[in-house]
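Place chain B on chain A using the hints.
Residue numbers (the working numbering), protein chains in the order written: chain A, 233 to 339; chain B, 36 to 635.
If you're looking for bench data, these hints aren't it; they were derived computationally from the structure. In this text, a Cβ means the ideal position worked out from N, Cα and C, and glycines have one as well. Do not rely on the hints blindly, as some may be mistaken.
Taking lysine-lysine and the DSS-like style, the derived pairs with C-alpha atoms no more than 25 Å apart in a straight line are [as the list claims (entries may be wrong)]:
#1 B:K184 with A:K330
#2 B:K538 with A:K330
#3 B:K478 with A:K234
#4 A:K294 with B:K478
#5 B:K184 with B:K134
#6 B:K134 with B:K365
#7 B:K365 with A:K330
#8 B:K134 with B:K453
With the Cβ distance kept under 10 Å, some of the chain A side facing chain B (calculated, not the full set) [what the hints assert, rightly or not]:
#9 Y237
#10 L276
#11 F278
#12 Y279
#13 L286
#14 D296
#15 H297
#16 Y335
Stretch by stretch, here's where chain A covers chain B in the computed footprint (C-beta under 8 Å, at least three residues) [what the hints assert, rightly or not]:
#17 81–95
#18 410–416
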Amino acid sequence: MKLIYTLLASGTVFFILCWLLVRYSRENTLTFFDRPKNVKGFLLVFYLSLVALLIYDFFVHKHDHIHMGNAPEFYAVYGFVSCVALIFIAKVLRLAIKRNEDYYEKK
Amino acid sequence: MIHTLIETGCPPSLIYIFGALLVPFLKGKVKAAYMLLIPIVSFAIVAGVDIHGGSRWVYSLLTFGPEYNLILGRIDSLSRIFGFIFMIITFISLIYAIKVNDDLQYMAGLFYAGGALGVTFAGDLFSLYIFWEIMAIASTFLILARRTKASQAAAFRYVMVHIVGGLSLLAGIVLYIQTYHTTQFSYIGLTGPASWFIFFGVAVNAAVIPLHGWLKDAYPEATAAGAVFLSAFTTKSAVYVMARMFPGADLLIWLGAAMTALPIFYAVLENDIRRVLAYSLINQVGFMLCGIGIGTQLALNGAAAHAFCHILYKALLFMSAGAVMEMTGKTRCTDLGGLYRTMPLTCIFCIIGAASISAFPLFSGFVSKSMIISAAGYEHLVLVWFIFQFASAGVFHHAGIKVPFFMFFGHDSGLRPKEAPTNMLIAMGMAAFLCIYLAVDFKTLYNLLPFPVDYVPYTSAHVVGQLQLLMFGALAFCLLILSGIYPSEIRAEHLDTDWFYRKGAVLFYALADVCMNTINKVCDFLFANKLTSMINTFAKNAPATLALLVLLPFKGMMSSKEGEPSFKDRVNQAFATGSLPVGITAAVTTLFIVALFILK
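Okay, chain A solo, but in the shape it has when bound (with noise of 0.2 Å):
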């Protein structure tokens, strides 16, 4: 019962949260990111809080059981290079498996 209670008050709340953000969007419509200002402040906040990452990792305690993980900055530079990497595969493999739209069936 205590669950159900706890869903209701929560779920309405963030009903609540979205309604408001459509009724101050102006005229139903966003802009946010139009104006380059915001651009760049939205990548400006995104990039400190990567430092602001960076420089936390050394004051946690790791505990790890696979020992690589408990490397300073293991994550980070693992997350880095393995979407770097993706991407330059998934180029490469473009090469082989890329065929036409109407491959299948010719329109």
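Showing chain B alone in chain A's frame:
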């Protein structure tokens, strides 16, 4: 039987399936209320069941021979969590689809969900198989319901693949019952041909690489609501069956690891948003199967928890892509972009789904996927652990950033559609809310799991590690997009394993044509033309030939004179005209009796 059903409550699968039959007779709001009542009633029934109370709804199948029972209600901690999420997602999907006004989709959806519930609560192999096939057939109609040429073709391929999988499962079940004389649906393990047939059949539904081609082929062709149903049931019921039958199978670890990594490359290249989501679905199922393969309590808990969370956020992502498709008629990245301006709520719900699938802290994927990754770590499966981390970063890359970015941000497509209809927003909102709620109140989820849980997802090391992995993955995306290295979205077809049966079918047809028709011709020549006439001739001349054979020793006594027909001709003539001399007949008869006497 009806009496016992009322007395003991009705199995949820049957409520769904028989409930669906009434849908076409109702109209308007009554229909809507009636359909939404089906999952609610079923949920209440299952929630009221004591999970330690043994199997319910048992019907005896054969009154002779070994005791084979149909068990429709094996409700324990493993089947209950799958049953719950299947019922929750039917409720949400029905709200999403409530304005579709297409009885075909409603009925197919309810039959399909009923089949999935039947599989989940089945306690024996017969009912498992029956509900398995109901699922395959019903889901096909959700693809057909798009009513386009492409969807018809995709539905045909889809059902063919599932027939192959279903027949393999049936063959396995028959072999299994022959060998072990039991129909119990429980741990089997990979031993012997029966288990391999069953494994193959289940693996087809779980979209295990390389049997995954049907998923990315068919799901993007379904209707908007159909894709939401499809994303929930087929693969996850297969995950459940795997967890029941093959926990701890080493093969699943490696198949699962391959499934987490390989589809990501396709997802990065793919242009159709719903196909990107189909690939990320395979990736997520990979995590679950790997957890089942690891087979420890933590890993199995992780697989079940991940299935629960995954169904919600994957349905949410398919709902938002479906809403965009409904409002704009487009699903390709190349045609979309900048929709956040007019569809802000859909955009936010999509981002919540994307954050959940990427396993951001405070979003549901985080509390479930972490269990599987930690389980791999505890077992010191180093390579698997590294693949998992790679896949986690990759998921964020394609499902977490790419899907919302190319739909709602990115280049401005100039499209200014209206916000999605209210019912769709409510459905998406409910799923989005649950995605966040489960991450915050994770203990509720953990209490539902099959084994007792002693796992804390929110440690500072874990949160920081995960955030670093994701945010630096995002940095890579940012830099690659800004520098123009990121592979541009293009209208193209990327070859996958469905090539083998889509192109292979043509080759198969040609081969079958040559082989079968040659056999046909040879048989026609040999049997129809030659052999029949030979038998005919033989049968016609048999008495004369036999008589000649018997009389051969006495040929000398009856030698013919010059100018008269030979002995052979005379006998033949006598048979032809029916004028056999009495002497010959008597001689043949006597000899025959003597021969019989000697032989005896």
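Hints, one by one, checked against the model:
1. As the CA atoms of K184 of chain B and K330 of chain A are separated by approximately 23 Å, the hinted pair is consistent with the 25 Å bound.
2. A distance of roughly 15 Å separates the Cα atoms of K538 of chain B and K330 of chain A; the hinted pair therefore holds under the 25 Å criterion.
3. Restraint check for K478 of chain B and K234 of chain A: satisfied, since their Cα atoms lie roughly 13 Å apart, inside the 25 Å limit.
4. Straight-line distance between C-alpha atoms of K294 of chain A and K478 of chain B comes to about 24 Å, which keeps the hinted pair within the 25 Å bound.
5. The suggested pairing of K184 of chain B with K134 of chain B holds, with an alpha-carbon distance near 24 Å, which does not exceed 25 Å.
6. Distance check on the hinted pair: K134 of chain B and K365 of chain B sit about 20 Å apart at the alpha-carbon level, within 25 Å; holds.
7. In summary, the hint linking K365 of chain B to K330 of chain A is supported, as the alpha carbons are separated by about 22 Å, within the 25 Å threshold.
8. Distance check on the hinted pair: K134 of chain B and K453 of chain B sit about 16 Å apart at the alpha-carbon level, within 25 Å; holds.
9. A least Cβ separation of about 12 Å between Y237 of chain A and chain B goes past the 10 Å threshold, and the interface hint is therefore violated.
10. Checking L276 of chain A against chain B: minimum C-beta separation of about 12 Å lies over 10 Å; hint violated.
11. Interface hint status for F278 of chain A: upheld, as the beta-carbon distance to the closest one in chain B is roughly 7 Å, under 10 Å.
12. With 10 Å as the threshold, the beta carbon of Y279 of chain A comes within range of chain B, its nearest partner Cβ sitting at about 8 Å, so the hint holds.
13. At a threshold of 10 Å, the smallest CB-CB gap from L286 of chain A to chain B is about 8 Å, leaving the interface hint in force.
14. A cut of 10 Å between beta carbons decides the hint on D296 of chain A: the least distance to chain B is about 6 Å, and the hint holds.
15. At its closest, the beta carbon of H297 of chain A sits 4 Å from a beta carbon of chain B; the interface hint therefore holds under the 10 Å criterion.
16. Interface restraint check for Y335 of chain A: the shortest CB-CB distance to chain B comes to about 4 Å, inside 10 Å, so the restraint holds.
17. Using a Cβ-Cβ cut-off of 8 Å, 0 residues of the region 81–95 of chain B lie near chain A, which falls short of the minimum of three, so the contact claim is violated.
18. Counting residues of the region 410–416 of chain B whose beta-carbon sits less than 8 Å from any beta-carbon of chain A gives 3, enough to reach three: the coverage restraint holds.
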